[in-house]
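Starting from the known structure of chain A, arrange chain V on it as the hints suggest.
Number of protein chains: 2
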Amino acid sequence: MAHQLADRRDVEFVLHEQLNLSDLSNHETYGEFNKKTIDLVISEARNLALKEVLPTNAPGDQSGCTLENGHVQIPDEFKRVWELYRDGEWIATSEDPGWGGQGMPHALSMACTEYLSGANMAMYMYVALTHGAANLVEAFGSQGQKEKYLRKMYSGEWTGTMLLTEPGAGSDVGALTTTATPNADGTYSIKGNKIFISGGEHDMVENIVHPVLARIEGAPEGTKGISLFTVPKYRVADDGSVGEFNDVVCTGIEHKMGIHGNCTCSLALGEKGECVGELLGEPNKGMRAMFQMMNEARLFVGIQGLSVAGASYANALTYAKERVQGPNLMTMMDKNPPAVPIIQHPDIRRQLIAMKANVEAMRSLLFYIGYCSDLKKVSDSEDEKERLQGIIDVLIPIGKGYVTDRSYDVCSHGMQVYGGYGFIEEYPQAQLLRDCRITMIYEGTNGIQAMDLLGRKLGMKKGKAVMDLMAEMQKTIAGAREVAALAPLADELEKAVGKLGEVAMYMGKTAMSTEVMNAFANAHPFMTVTGDVVFAWMHLWRALTATAGLEKTKKRDKDFYGGVLASAAHYIQTELPVAQGRMRAILKGSDAAMTIPETAFFG
Amino acid sequence: MAHQLADRRDVEFVLHEQLNLSDLSNHETYGEFNKKTIDLVISEARNLALKEVLPTNAPGDQSGCTLENGHVQIPDEFKRVWELYRDGEWIATSEDPGWGGQGMPHALSMACTEYLSGANMAMYMYVALTHGAANLVEAFGSQGQKEKYLRKMYSGEWTGTMLLTEPGAGSDVGALTTTATPNADGTYSIKGNKIFISGGEHDMVENIVHPVLARIEGAPEGTKGISLFTVPKYRVADDGSVGEFNDVVCTGIEHKMGIHGNCTCSLALGEKGECVGELLGEPNKGMRAMFQMMNEARLFVGIQGLSVAGASYANALTYAKERVQGPNLMTMMDKNPPAVPIIQHPDIRRQLIAMKANVEAMRSLLFYIGYCSDLKKVSDSEDEKERLQGIIDVLIPIGKGYVTDRSYDVCSHGMQVYGGYGFIEEYPQAQLLRDCRITMIYEGTNGIQAMDLLGRKLGMKKGKAVMDLMAEMQKTIAGAREVAALAPLADELEKAVGKLGEVAMYMGKTAMSTEVMNAFANAHPFMTVTGDVVFAWMHLWRALTATAGLEKTKKRDKDFYGGVLASAAHYIQTELPVAQGRMRAILKGSDAAMTIPETAFFG
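For the record, the sequence lines run as chains A and V. Position in the first sequence (from 1) plus 91 gives the number in our numbering. Position in the second sequence (from 1) plus 91 gives the number in our numbering.
Here chain A stands alone, though its shape is the one from the complex (with noise of 0.2 Å):
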C-alpha cells in the first residue's frame, strides 16, 4: 500500500528495540501492556487513521468553520470521527483508569497520537485539548470537582478548552485583565475577553469544559495573582447534569492559514454578568498550574510537527516512487533514455533522506521523552524520578521548539519533491504545510521554547540536568564505539557533545553577565545545535540498535535496518558539521542585532 502516515515498522523500532518499552509490562502500573498489547493497540490507531480519519482531512480544510449568531458549525465530518474516537476510548489513552483513561505508557499514547495526529491535525486538536483540560481538573481539582467532570471529559461526552491568551496577554500572560469575583456561594463571576481559543465553541457534544485564567479581585499585578477556574459553557449541578447557560458567548472566529477544521474562538466571558466559575486549585496559584501542564502540552505539540512531517514524508516517498519523470543522469547521454521515478534523482533523494532522517529522529526523541515520563512513574526511586524529569525539562524546548522548526521544513521539502503539483491543494502536501506552521507559534513561540531552555533549563539544578542528559549521550557513544561501523560516527557525535558543552558553558556564563542580551539573541541559535546534537544521538543510538537488529534479522528486515543505518550516516556526516559551524559562530558572539539603534531597522 502507498505510504500515507508513519511507517509501522519504524514505530514498532522505536517502541520495541530502541525504548524495549514492554519492559514496562513488569511493573504493575503497566502490567498490561505487553508487546502483544502495544502492538494491538498500533494497529487499531492505524487502522482508524487510515480508513476513518484521513479521509476527513482535506473536506475539513475545505470547509472549515463558520460563526452565526454565536454558533460555531465545525466541519460535519468530524462529528462521525468523535464518535469513533469516543467508542474506541481514544480520548484519555495515558489517563487513569480509575478516571476513565487507559491508563497506555505516554511513549505507546504518542505513537498512537501520531498516526490520529496526521491524519487529521485539525480534528485530533478537540480530543488533546480536551483531556489537557480535565488533566488540570485532574491535577488540582477537589474530589467534588473531579467527580463532576472527569468521567465525562476522558470519555468525550463534553470536550475541554483552555482560556489563557488575551489581545493584550499572549506570550506574557501576567498582562491578563479577565477578573474573577467572589460570590456569596464560594463561586466566582467571571468577565473578561480570551482569544485564540482552539475549539473553544460548537455543538459537537453537549458541553464545554473552560479552564479560565482570571485574576480575582484584589490579587497581585503580574502572574503572581493570577488563579485558575473551571467554567463550563452550560452550567453543571453537583449531581452532573447539564443546566443553563453560563454566558460563554463566541464572538468571533479566525480565518487562519491552516488547521481549518479547529475552530479558533473569540469568547466572551460574563457580559450579561452571569458567567460562573469554580476555582481550580489554590487562588494566585494559577500560573503554577499552567506550568505543570505545560510540559505535556508542548510536548503535544511536537508530537503535531511529528505527525505532519511524517505525514508529508510518506507523500513524497510514495509520489517519488511513483512520478515518472526525466531520465536518470547516468543515461543522459544514451540515446532516448527513458523517463524514470524521480527517485533515481539525487537531489530528490536528498531531499528524501533528510525528511526521513528528521522524522525518524524526532520519533525517537518525543517517544523517548514519554518514555521517560514513564520510567519515572514506575521508578522508587527519588534520585532517579528527580533525574528523569531534569531530563525531560530540558528536552521539551527541544522536543517543542526545534521539533517544529524540523517539521516544518520537513513538510516545505515535501512539497518540494511534488514540484507544481505540491503548491495545489488538490494534493495533500500543502494543508500539511499550512497545518505544521502553526506549531512553531502557540504553546509559546519557538522563540520562547529557546528563552526556556537558555533562562530556566540550562541552569536547572545548577547544571545537573544537562550533565545527566549528556551523560546518556555519553552511554550511547560508549556503546557505538564498540562497533566498528559505527565508530566513526561515534567520534563525530562526541566531538559535537564537547563543543556543545563549551557552548553551554559560555551561553550560561553570558546569561548571568552584562551580556545578558546578546546571551538571549543566540537562544534560538543555541536552541538549533543543541537540537541537532540531540538528534544525532537519537540517530546514533538508532544505528547502534540496528546493528543489533541486523546480526539476528530475517531478509525482510535487512532493508529497514539499512535505511535507519542510512539516516544515521547521512545527519551524522551532513549535519553536524553544519551545527560545528552555528557553534563557532555562537562562541563569536557577534552583538550586532543588540548594539543597532531601533532608528537603524530600514525596510
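Hints in this document: simulated from the structure, not taken from any laboratory. A hint or two may mislead.
[Claimed, not checked] Cβ pair distances, simulated, as ranges:
hint : chain 1 : residue 1 : chain 2 : residue 2 : range
1    : V       : K126      : A       : K679      : 37 to 45 Å
2    : V       : P688      : A       : R547      : 39 to 47 Å
3    : A       : D582      : V       : E413      : 48 to 56 Å
4    : A       : K600      : V       : P579      : 53 to 61 Å
5    : V       : N427      : A       : E689      : 19 to 27 Å
6    : A       : G599      : V       : E573      : 37 to 45 Å
7    : V       : T342      : A       : S154      : 23 to 31 Å
8    : V       : P688      : A       : E689      : 33 to 41 Å
9    : V       : S246      : A       : P150      : 43 to 51 Å
Using N, Cα and C, we set each Cβ at its ideal position, and we do this for glycine too.
Chain V alone, transformed into the frame defined by chain A:
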C-alpha cells in the same frame, strides 16, 4: 509612515551608492536616466504600489479566480490596476522604446518591480508574463510578427503567457506531446494540452498571446524536436485586427496555496481542430529560444522573492515597533516592570536583523545582476560583454534558487514576529508566506537551479565565469581591507571565498567522475554555500559603500549607514561560520543519500 514595502533609502543606496547607476546616462542608450529621472521613476512606482496596488492584494487573495463555462473571472480590483499599469506605461519598463517600451536600465526596472510585485505579487505576474511573451516575439519573430504583436503587448492592450508545461512534462520539457501540423498557408495546426499556465485565460484584455512549445510532425524526440509558436486566443489578421476564437479552451484552474489572484489555467489547444499557430523563429529551435529567455524569467522570480520578503520584513519591523508585550529583559527583576515594544526583545531583534540582512543582500545582488546586463548593453568590448555575461550566468541560479530559499525563510520569520497574529489571514504575513512559496518551485525548482549551477555554470568556459566572479569578490575584499573597521570582515570573507574555491574544485571533479550522482546529491548544498558567500560579498561591498557614505553624511543618514554596517557584521559573523561548516560537510562526501537502496526508504 509605517513601513509596508521596501524602504526607499535602501533602494537608493543600492542604485546610487553601491552601483552608481546614473553613470550609465553617459551612454546614449540610457542617456535620459540621470539621477533625477531615476529618482522620479522610483517615486512613481512606489506611490503607485502603496496607494493603488497594495490595497488590492488581500482582496485579490480572498476572492481568487473562478472558472465558469470556459471563462475565468479574475479579481475585479485587478482590472483597474491593469489600466493604471497601462496608463503609467509600466508593462514594458526596460523594453525597446522603438516598440513602445520605456528603455530603462534593468537595475532600475527591477527596483520598480520590487515595489509593484511586493504590493501584489499575483497581479504583477500578468505584467511580467506579458512582456516576457513579447520578448520572445521581439527576439525571434519576423518583422511581420513584431508589427503584429509588440506594440499591443508592450502597451498592455493584450497580455501574454508561456505554454510550456504538460501533465507528463514538467521539469522534463523534452517529453512534451503537443503537436504542430503544417498548413498550406505556412501556419500550423496546434493540438495538445498545457497546464500550470499563469494568466492563461481571463477577460481583462481583448486578446491573449500564447507562445507555445510544440513538436512539428516528424521532428526528433526530446528537446531537439521542439519548436516555438505564437498562438493567440483570438486570431490576429496581418493588419492587427482581432478575429475569431482560436480554439484555446480553458478546461480548469488550479486551487493553489498562494498567488490566488493569478489564474493558473489548464488549456486545451485545438480540440476542435481549429487552433492555428505561427512558427516563431526556426523549426526545432524552440528550446534555444526558451533558454535565451530563461535568465530573465528566473531573475524575475528572484525579484518576486525579494519583493514579498521585503514586504514581510517591512511589516514585521512596523509591528515590532508598535506591538507592546512583556517587559524588557534588563528590567525583569524590577517591581512591575512596564511592557515594551517587542523590538526590544532579543529574539525578535535577532529575527529582524536576519530578515534585514537577507533582504538587503538580495536587493544588492539582484540589482547588481540587472546592472551587469545594462553594462553589457553599453559596452564596446566583446571580451567585456562576454565577461559580464559569464558573471550573470553564474549568478542566475543564485538569484533565483538561493534568493527564493532565503525569501521564504524571511517570510517565515515575518510570520513568527507577529506571533499568533501571523497565522491569521486578516494580517498580511500569512499571504506573503503563501505567495512566496511558489517562487521556490516555478521557472525550474530550486533543485533544478542547483543542478544548473553545478552542471552548466561551474564548468562554463572552463571555469572562467566562476573565476571572473571570484575576482570581483577579491576586489571588494581588497577595498575593505583598507578600512580598519572592515578588515576583520574582509578576512572572514576571504577565508570563505578560498574555501568555496576548494569546494567548487571538488564538486567539479566529482561531477565529472563516476561519483557524479553524489555530486548532484550535493548540488543544492553547494548552491546554498555559494549563495552564502555571494551574500556575504554583497554585505562587504555595502559596508564599504556605507563607510564612504558616512564620511560625508549629514546626521539624518548616520542611522541608515549604521544599519548597513550592522547587517554586514551580523551576516558575516553569524552566517559565514555556518557556511564554513556546510562546506566541510560537502567535502566529507557523504554518499548515504545515493547508496541507500530505494527499498530502504521507509515512512
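Just to be sure I understand the hint, the distance between the Cβ atoms of P688 (chain V) and R547 (chain A) should be within 39 to 47 Å; is that true here? holds, 45 Å
Given the range 37 to 45 Å, decide if the beta-carbon distance of G599 (chain A) to E573 (chain V) lies inside it. holds, 40 Å
Hint check for E689 (chain A) and N427 (chain V) - Cβ pair distance inside 19 to 27 Å: holds, 24 Å
Mind checking the hinted window 53 to 61 Å against the Cβ distance between K600 (chain A) and P579 (chain V)? violated, 23 Å
Just to be sure I understand the hint, the distance between the Cβ atoms of S246 (chain V) and P150 (chain A) should be within 43 to 51 Å; is that true here? holds, 46 Å
Hint check for E413 (chain V) and D582 (chain A) - Cβ pair distance inside 48 to 56 Å: Because 51 Å falls inside the window, the suggested range holds.
Tell me if the beta carbons of K126 (chain V) and K679 (chain A) are separated by a distance inside 37 to 45 Å. Since the Cβ atoms of K126 (chain V) and K679 (chain A) sit about 39 Å apart, the hinted range of 37 to 45 Å holds.
Using the beta carbons of T342 (chain V) and S154 (chain A), state whether their distance is inside 23 to 31 Å or not. For T342 (chain V) and S154 (chain A) the Cβ distance comes to about 25 Å; the hint holds.
Determine whether the Cβ-Cβ distance between P688 (chain V) and E689 (chain A) falls within the hinted range of 33 to 41 Å. With Cβ atoms ~55 Å apart, the hint is violated.
Figure legend: structure checked against the earlier numbered hints; hints not met, in rising order: 4, 8.
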